[in-house]
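Trainee: Since the structure of chain A is provided, determine the placement of chain B on it from the hints.
Those protein sequence lines, which keep their order, are chains A and B.
Under this note's numbering, the first residue of the first sequence carries the number 1, and numbering increases by one thereafter.
Under this note's numbering, the first residue of the second sequence carries the number 1, and numbering increases by one thereafter.
Hints were generated in silico from the structure; no laboratory data involved.
Careful, some of the hints might be misleading.
Calculated cross-link-like contacts (lysine to aspartate or glutamate; reagent style EDC-like; alpha-carbon spacing at most 20 Å) [said to hold, decoys possible]:
#	chain 1	residue 1	chain 2	residue 2
1	A	K213	A	D171
2	A	K198	A	E89
3	A	K213	B	D177
4	B	K193	B	E81
5	B	K44	B	E81
6	A	K210	B	E81
Cβ-Cβ distance ranges computed for the label pairs, FRET-style [said to hold, decoys possible]:
#	chain 1	residue 1	chain 2	residue 2	range
7	B	K202	A	E86	54 to 62 Å
8	B	D47	A	N209	32 to 40 Å
9	A	N209	B	G149	23 to 31 Å
10	A	D26	B	Q33	31 to 39 Å
Built from N, CA and C at the ideal position, the CB exists for glycine as well.
Spelled out, the chains give:
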Amino acid sequence: MDTMTNPQPFEGEHRMGTTIMAAVFDGGVVMGADSRTTTGSYIANRVTDKITPVYDNIFCCRSGSAADTQAISDYVTLYLNLHGNELGEQPEIKTAAALFQTLCYQNKNALQAGIIVAGYHPRTGGEVYTIPLGGALVKSPWTIGGSGSSYIYGFCDTNFRDGMTKQEAMDFVTRAISLAITRDGSSGGVCRLCIIDKTGVERVMVPGNKLPKAYED
Amino acid sequence: MSILEYNGGAVVAMVGKDCVGIASDLRFGIQAQTISGTQPKIYKIHDKCLIGLAGLATDNQTVFEKIRFRTNIYRLKEEREIRPKTLSNVLSMMLYEKRFGPYFVEPVIMGLDGPDEKPFISAMDLIGAPLLAEDFVLAGSSASEALYGVCESLYRPNLEADELFEVLGQCILSAVDRDAISGWGGVVHIMTKEGITSRYLKGRQD
Chain A
1 MDTMTNPQPF EGEHRMGTTI MAAVFDGGVV MGADSRTTTG SYIANRVTDK ITPVYDNIFC
61 CRSGSAADTQ AISDYVTLYL NLHGNELGEQ PEIKTAAALF QTLCYQNKNA LQAGIIVAGY
121 HPRTGGEVYT IPLGGALVKS PWTIGGSGSS YIYGFCDTNF RDGMTKQEAM DFVTRAISLA
181 ITRDGSSGGV CRLCIIDKTG VERVMVPGNK LPKAYED
Chain B
1 MSILEYNGGA VVAMVGKDCV GIASDLRFGI QAQTISGTQP KIYKIHDKCL IGLAGLATDN
61 QTVFEKIRFR TNIYRLKEER EIRPKTLSNV LSMMLYEKRF GPYFVEPVIM GLDGPDEKPF
121 ISAMDLIGAP LLAEDFVLAG SSASEALYGV CESLYRPNLE ADELFEVLGQ CILSAVDRDA
181 ISGWGGVVHI MTKEGITSRY LKGRQD
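Chain A with its partners taken away, still in its complex shape (with noise of 0.2 Å):
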């Protein structure tokens, strides 16, 4: 009971304090995080990836616990390699997210993980789902998760419109990123962007000096 009113992480524990987005445009998923690691305050990761593949066109943010996160991902790759073996062809997005639930749910006692879960499929085109802390597991167009996220969805909810296009879809994240960053210290280092479409996958990287400025006195 202790553990899910009130987790502690262990004294050393890699944590991602992190800011973590996902949006569709029209004809895919832009993804964003930040890149910075910490252990306790110290940056133990400045340039970390928290945007990882579980198959070719479906990649999930990672964040909470690096450790959950990384052991997570690795089983659902797994699995899902077998299954798109077994179908001869690409797993669908929500079954990705599906095997990402199951886990995170039926272990929820244990685990420290908020995952979102993001691919192109050429049957669905661009999706987008979010599992939070408890192991749910919602779709949506547009989601944002970690610490650095509850500073930017004011940001977010004005600024996000359906069927952008790929170029306005970067500029929407890397710019929601980089707020957060400002804000929030367990956020920061550079924006990672993962832009998948029909035509596979696109891995951008916008360092501190180049990401949009915000109010700085």
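Mentor: Leaving out everything else, chain B in the frame of chain A:
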């Protein structure tokens, strides 16, 4: 999280050749949230003495006000400015008076002491244990390990004023870049017999 790491922050002071410097970061935050990036932690006592305060922000402000009061009374009674070494002693006594309910501050004092204007730096813990060093002193629980490392590497004795500025600037910026709760640029004050030169440094705004 320790109460001294509630607001974060880092301060470092170094001795050079006939000059002293002090630097701090600019972040004011409450745990992970950043409120402002324009809050230095260094206060001026008089032209030959600066004090930097890391630790809990509310106690920093209160301790500074108490010091300001004491040094003002000192100036009225003695008709001269307080020496940095004397101020260091006074502050040490003030903090020890609160031994069993302390101010959560980590002070760093620097100045040009006495008629010879000899460079002087000192630091102390939250209950007033003084540390008088000849090279550099620093404060700031979260960034302190990174600061010690980079200061030990970059410091050498008898730095001229502009070299001291470079060294202090690099030390404070690279140390706070590895600390999630300090940063947002820095400020460096270099004090020589001629006066104080202050420069703001643009750092990573994350």
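Trainee: Are there hints from earlier that the structure breaks, and if so, what are their numbers?
Mentor: Result: hint 6 breaks, nothing else.
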